[in-house]
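Student: Residues per chain, in single letters:
2 protein chains.
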Amino acid sequence: MEKEKIECKNCCNCTSENCPHTNVDENTLYDLAELFKVFGDSTRIRIISALMDGEMCVYHLSERLSAGQSAISHQLRILRAAGLVRPRREGKEMYYSLDDEHVEEIYGAGLAHILHKGGFCE
Amino acid sequence: MEKEKIECKNCCNCTSENCPHTNVDENTLYDLAELFKVFGDSTRIRIISALMDGEMCVYHLSERLSAGQSAISHQLRILRAAGLVRPRREGKEMYYSLDDEHVEEIYGAGLAHILHKGGFCE
DNA sequence: CTAACACATGAATATATGTTCATATGTTAA
DNA sequence: TTAACATATGAACATATATTCATGTGTTAG
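Protein sequence lines correspond, in order, to chains A and B.
Numbers 1 to 122, taken from the working numbering, label the letters of the first sequence in order.
Numbers 1 to 122, taken from the working numbering, label the letters of the second sequence in order.
Simulated from the structure, these hints should not be mistaken for laboratory data.
Keep in mind the model is a prediction, meaning the values are calculated, not measured.
Every residue gets a Cβ at the ideal spot worked out from N, C-alpha and C, and that includes glycine.
Just to be clear, a hint being listed does not mean it is correct.
[Said to hold, decoys possible] Derived lysine to aspartate or glutamate pairs resembling DMTMM-like cross-links, with alpha carbons at most 25 Å apart: (1) K117(B) to D41(B); (2) K37(B) to E55(B); (3) K37(A) to D100(B); (4) K117(B) to D41(A); (5) K117(B) to E34(A); (6) K117(A) to D53(B); (7) K37(A) to E26(A); (8) K92(B) to E55(B); (9) K37(A) to E90(A); (10) K37(A) to D41(B); (11) K37(B) to E90(A); (12) K117(A) to E104(B).
[As the list claims (entries may be wrong)] Stretches of chain A that chain B covers, calculated by requiring three or more beta carbons in the stretch to come under 8 Å of a beta carbon on chain B: (13) 70-80; (14) 101-111.
[Stated by the list, open to error] Only part of the chain A face toward chain B is listed, based on derived beta-carbon distances under 10 Å: (15) V24; (16) G40; (17) S42; (18) R44; (19) I45; (20) M52; (21) V58; (22) S62; (23) E63; (24) A67; (25) L84; (26) I114; (27) H116; (28) K117; (29) G118.
Please model the complete structure; the sequences and the hints are all you need to start from.
Tutor: Below, the structure is given as structure tokens:
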């Protein structure tokens, strides 16, 4: 089965054969796995879910998730390193928010799969 | 910051307040993390990437990924359990293919994030 | 039926990872 | 400056997970 040149449906609309969307090298696949690994933890996905309601400080996150402050901080560090959340200091507190729209897109795509398998829609 | 009723942009177009897309409970978040965990492994994401070119049998997968047959089989089992790939027997061989369009959507959403951070586009 | 092949699976091992505890850093109020 | 607070971080420990090896199951050719 031959791979045909298709229109890229992701972040760009290019039809170039060299578009990294269609020609994914091993390093990119590794990075991709690393990205999904970040989404693949209960605590982190709950943080992401919470931040969809708006920015929140560490204390409130740990309160909402009933988790230790240290655990939340550690996970926020990982989320930050992956470019998924962004901190903003205000006095003593550190407010975190989702970094860009991709986070919600990935989350939404995963959720659609779960709900589809669950038979909710489609 | 109040959560306002928004139009669901995922698998359905409902505006119901009870739509699981907007009211995600803890169990669903747990399932979501489990799903991303499946994407969050180099071998599995490489299998998914390979299957985007079309169905493939276990032997050819292990050949293409330079991995052991057993390792591939173990990972295929996990992908199957998550509803991401589907097997089809043909004689002695077992051909695997991506289960539905969500797999490519999740993959694409993640890839868009990687490439965006890498500065390729947007 | 039997041998050969393709794939699946269980056990074992090594590695990765999340949480906790203790402590460090940074900020503000007094 | 000092005390109190919010967050970050390092070390240690427990758990989860991916691969390998050995073997089991299923299919086909002879």
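Student: Hints first: check each against the structure and report whether it holds.
Tutor: Evaluated hints:
At roughly 20 Å between alpha-carbon atoms, K117(B) and D41(B) fall within 25 Å of each other, so this suggested pair holds. Proximity of K37(B) to E55(B) is assessed by CA-CA distance (about 23 Å); at most 25 Å being required, the pair is judged to hold. A hinted pair counts as satisfied when its Cα atoms are at most 25 Å apart, and K37(A) with D100(B) qualifies at roughly 21 Å. In summary, the hint linking K117(B) to D41(A) is supported, as the alpha carbons are separated by about 22 Å, within the 25 Å threshold.
For the proposed pair K117(B) and E34(A), the alpha carbon gap of about 14 Å is at most 25 Å, so the pair holds. A C-alpha spacing of about 24 Å is found between K117(A) and D53(B), which places the hinted pair at or below 25 Å, so the restraint holds. Between the alpha carbons of K37(A) and E26(A) the distance comes to roughly 16 Å, so the proposed pair stays at or under 25 Å and holds. Taken as a hint, the K92(B) and E55(B) pair is honoured in the structure, with Cα atoms around 15 Å apart against an allowance of 25 Å.
Restraint check for K37(A) and E90(A): not satisfied, since their Cα atoms lie roughly 30 Å apart, outside the 25 Å limit. Distance restraint check for K37(A) and D41(B): the Cα-Cα separation of roughly 7 Å lies within the 25 Å cut-off, and the hinted pair is therefore satisfied. Distance check on the hinted pair: K37(B) and E90(A) sit about 34 Å apart at the alpha-carbon level, beyond 25 Å; violated. Of the pairs offered as hints, the one joining K117(A) and E104(B) holds, with about 15 Å between alpha carbons and a cut-off of 25 Å not exceeded.
For the stretch 70-80 of chain A, the stated coverage by chain B is not satisfied: 0 residues place a CB nearer than 8 Å to a CB of that chain, which falls below the threshold of 3. Evaluation of the coverage hint for the stretch 101-111 of chain A: fulfilled, as 9 residues show C-beta separations to chain B shorter than 8 Å, against a requirement of three. Satisfaction of the interface hint for V24(A) is found here, the shortest Cβ-Cβ separation to chain B being roughly 6 Å, below the 10 Å cut-off. Hint on G40(A) holds. Least Cβ distance to chain B is approximately 3 Å, under the 10 Å limit.
Residue-level restraint check for S42(A) holds (minimum Cβ-Cβ distance to chain B is 5 Å; threshold 10 Å). Here the hint on R44(A) is kept, as its CB sits about 7 Å from the closest CB of chain B, short of 10 Å. With a least beta-carbon distance of about 4 Å to chain B, the hint placing I45(A) at the interface is held under the 10 Å criterion. Of the supplied interface hints, the one on M52(A) holds, with its beta-carbon coming within about 8 Å of a beta-carbon of chain B, less than 10 Å.
Here the hint on V58(A) is broken, as its CB sits about 17 Å from the closest CB of chain B, past 10 Å. Hint status for S62(A): violated, given a least beta-carbon distance of 16 Å to chain B, over 10 Å. A distance limit of 10 Å between C-beta atoms decides the matter here; for E63(A) the minimum to chain B is near 15 Å, and the interface restraint is violated. Proximity of A67(A) to chain B is violated relative to the hint, the smallest CB-CB distance being about 13 Å (cut-off 10 Å).
Given the 10 Å rule on beta carbons, the hint for L84(A) holds: about 8 Å separates it from the nearest Cβ of chain B. Taken as an interface hint, I114(A) checks out: its beta carbon lies about 5 Å from the nearest beta carbon of chain B, inside 10 Å. With its C-beta approaching chain B no nearer than about 6 Å, H116(A) sits inside the 10 Å limit, and its interface hint holds. The interface hint given for K117(A) is met, as the beta carbon of that residue sits about 5 Å from the closest beta carbon of chain B, less than 10 Å.
The interface hint given for G118(A) is met, as the beta carbon of that residue sits about 8 Å from the closest beta carbon of chain B, less than 10 Å.
Hint compliance for this structure: hints 9, 11, 13, 21, 22, 23, 24 are broken, all remaining hints hold.
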